[in-house]
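Chemist: Sequences are here, hints too, so could you generate the full structure?
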Amino acid sequence: MTGYPDVAQKYHISSVPKTVVGETHEFVGAGPESMLLKHVQDAAADPAGTAPASGLIV
Amino acid sequence: MPLITDEVAGQLKEEFGRLVHPVRLAVFSQALADPESEQVKRLVEELANVDSRITAESYNFVLDKEKVESLGIRRSPAIAVMGAEKDYGIRMYGLPSGYEFGTLVEAILDVSSGDSGLSDPTRAALKAITTPVHVQVFSTPT
Numbered sequence: 001m002t003g004y005p006d007v008a009q010k011y012h013i014s015s016v017p018k019t020v021v022g023e024t025h026e027f028v029g030a031g032p033e034s035m036l037l038k039h040v041q042d043a044a045a046d047p048a049g050t051a052p053a054s055g056l057i058v
Numbered sequence: 059m060p061l062i063t064d065e066v067a068g069q070l071k072e073e074f075g076r077l078v079h080p081v082r083l084a085v086f087s088q089a090l091a092d093p094e095s096e097q098v099k100r101l102v103e104e105l106a107n108v109d110s111r112i113t114a115e116s117y118n119f120v121l122d123k124e125k126v127e128s129l130g131i132r133r134s135p136a137i138a139v140m141g142a143e144k145d146y147g148i149r150m151y152g153l154p155s156g157y158e159f160g161t162l163v164e165a166i167l168d169v170s171s172g173d174s175g176l177s178d179p180t181r182a183a184l185k186a187i188t189t190p191v192h193v194q195v196f197s198t199p200t
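Quick mapping for you: the protein sequence lines, in order, are chains A and B.
Sequence positions in the first sequence follow our numbering and run 1 to 58.
Sequence positions in the second sequence follow our numbering and run 59 to 200.
Simulated from the structure, these hints should not be mistaken for lab results.
Misleading hints may appear alongside valid ones.
What the hints assert, rightly or not - Okay, the calculated beta carbon distance ranges per label pair:
hint, chain 1, residue 1, chain 2, residue 2, range
1, A, Gly29, B, Ala183, 21 to 27 Å
2, B, His79, A, Val28, 33 to 39 Å
3, A, Gly29, B, Gly160, 15 to 21 Å
4, A, Met35, B, Asn107, 34 to 40 Å
5, A, Gly29, B, Thr113, 33 to 39 Å
6, B, Gly75, A, Asp42, 38 to 44 Å
7, A, His12, B, Gln69, 36 to 42 Å
8, B, Ala182, A, Val7, 31 to 37 Å
9, A, Pro17, B, His79, 26 to 32 Å
10, A, Gly29, B, Gly172, 27 to 33 Å
Unchecked claim - One-sided and incomplete, this derived list gives chain B residues near chain A with beta-carbon spacing under 10 Å:
hint, residue
11, Arg82
12, Pro179
13, Val191
All residues carry an ideal CB built from backbone N, CA and C; glycine is no exception.
Modeler: This is the structure we're talking about:
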């Protein structure tokens with residue numbers, strides 16, 4: 001996180017671990033598998049949330 | 059001096075006994091702008107020396123533009139953990155030191171097995187998703 005201050009700032013990373021799904025769905029700390037799935041489903045359903053810059057999203 | 063000591067290499071050999079399919083590690087660094095990124099390159103090359111089923115490919119983040127683009131590498135240093143035939147889209151950025159070294163080893167084992175470890179209901183729910191979704195996990199080296 002400290003290695004990439006621009007990315008940390010973009011996603012408002014103030015504590016870790018933090019998971020960001022798509023661009024706007026996020027949670028801090030560890031969570032159950034069902035919670036991650038819910039975020040992935042929400043991000044997939046949110047057209048503004050995924051917006052790939054180009055082809056392969058990685 | 060190697061980054062992976064003989065003792066750690068011994069433990070890794072045991073861990074990598076669980077490898078199923080070959081794994082490719084593509085590492086991106088930039089010696090000039092970020093000398094520290096060369097450590098990641100060394101680490102990946104040393105990892106590949108531990109088990110013949112792991113292969114390392116080294117690229118320059120600035121010069122190897124085509125590879126950077128085709129693998130969707132966003133920053134340096136980066137490691138793409140890929141199966142021999144399938145790229146699951148797993149990318150690790152930064153130096154995988156401390157706890158994160160374990161995360162890298164786990165990623166290698168997961169890719170090698172081709173098994174995410176997710177439950178059947180989760181897999182079924184994910185199958186219904188047709189849009190690519192980007193999942194990023196932020197951590198700090200320990």
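Chemist: Now tell me, hint by hint, if it's right for this structure.
Modeler: Evaluated hints:
A hinted range of 21 to 27 Å holds for the C-beta pair glycine 29 of chain A and alanine 183 of chain B, which are about 22 Å apart. At about 34 Å, the CB distance of histidine 79 of chain B to valine 28 of chain A agrees with the hint of 33 to 39 Å. Judged by the Cβ atoms, the range 15 to 21 Å given for glycine 29 of chain A and glycine 160 of chain B holds: they are separated by roughly 18 Å. About 39 Å separates the C-beta atoms of methionine 35 of chain A and asparagine 107 of chain B, a value consistent with the hinted range of 34 to 40 Å.
Hint check: glycine 29 of chain A to threonine 113 of chain B, Cβ distance near 35 Å, so the stated range 33 to 39 Å holds. Look at glycine 75 of chain B against aspartate 42 of chain A: about 39 Å separates their beta carbons, and that is inside 38 to 44 Å. Evaluation of the 36 to 42 Å hint for histidine 12 of chain A and glutamine 69 of chain B yields a pass: the beta carbon distance comes to about 37 Å. Under the hint 31 to 37 Å, the C-beta atoms of alanine 182 of chain B and valine 7 of chain A, about 33 Å apart, fit the expected range.
Taken as a hint, the range 26 to 32 Å holds for the pair proline 17 of chain A and histidine 79 of chain B, whose Cβ atoms sit roughly 28 Å apart. For the hinted restraint 27 to 33 Å between glycine 29 of chain A and glycine 172 of chain B, the CB-CB distance of approximately 28 Å keeps it satisfied. Taking 10 Å as the C-beta cut-off, the interface hint given for arginine 82 of chain B is violated, the closest approach to chain A being about 14 Å. The interface hint given for proline 179 of chain B is met, as the beta carbon of that residue sits about 9 Å from the closest beta carbon of chain A, less than 10 Å.
Interface restraint check for valine 191 of chain B: the shortest CB-CB distance to chain A comes to about 5 Å, inside 10 Å, so the restraint holds.
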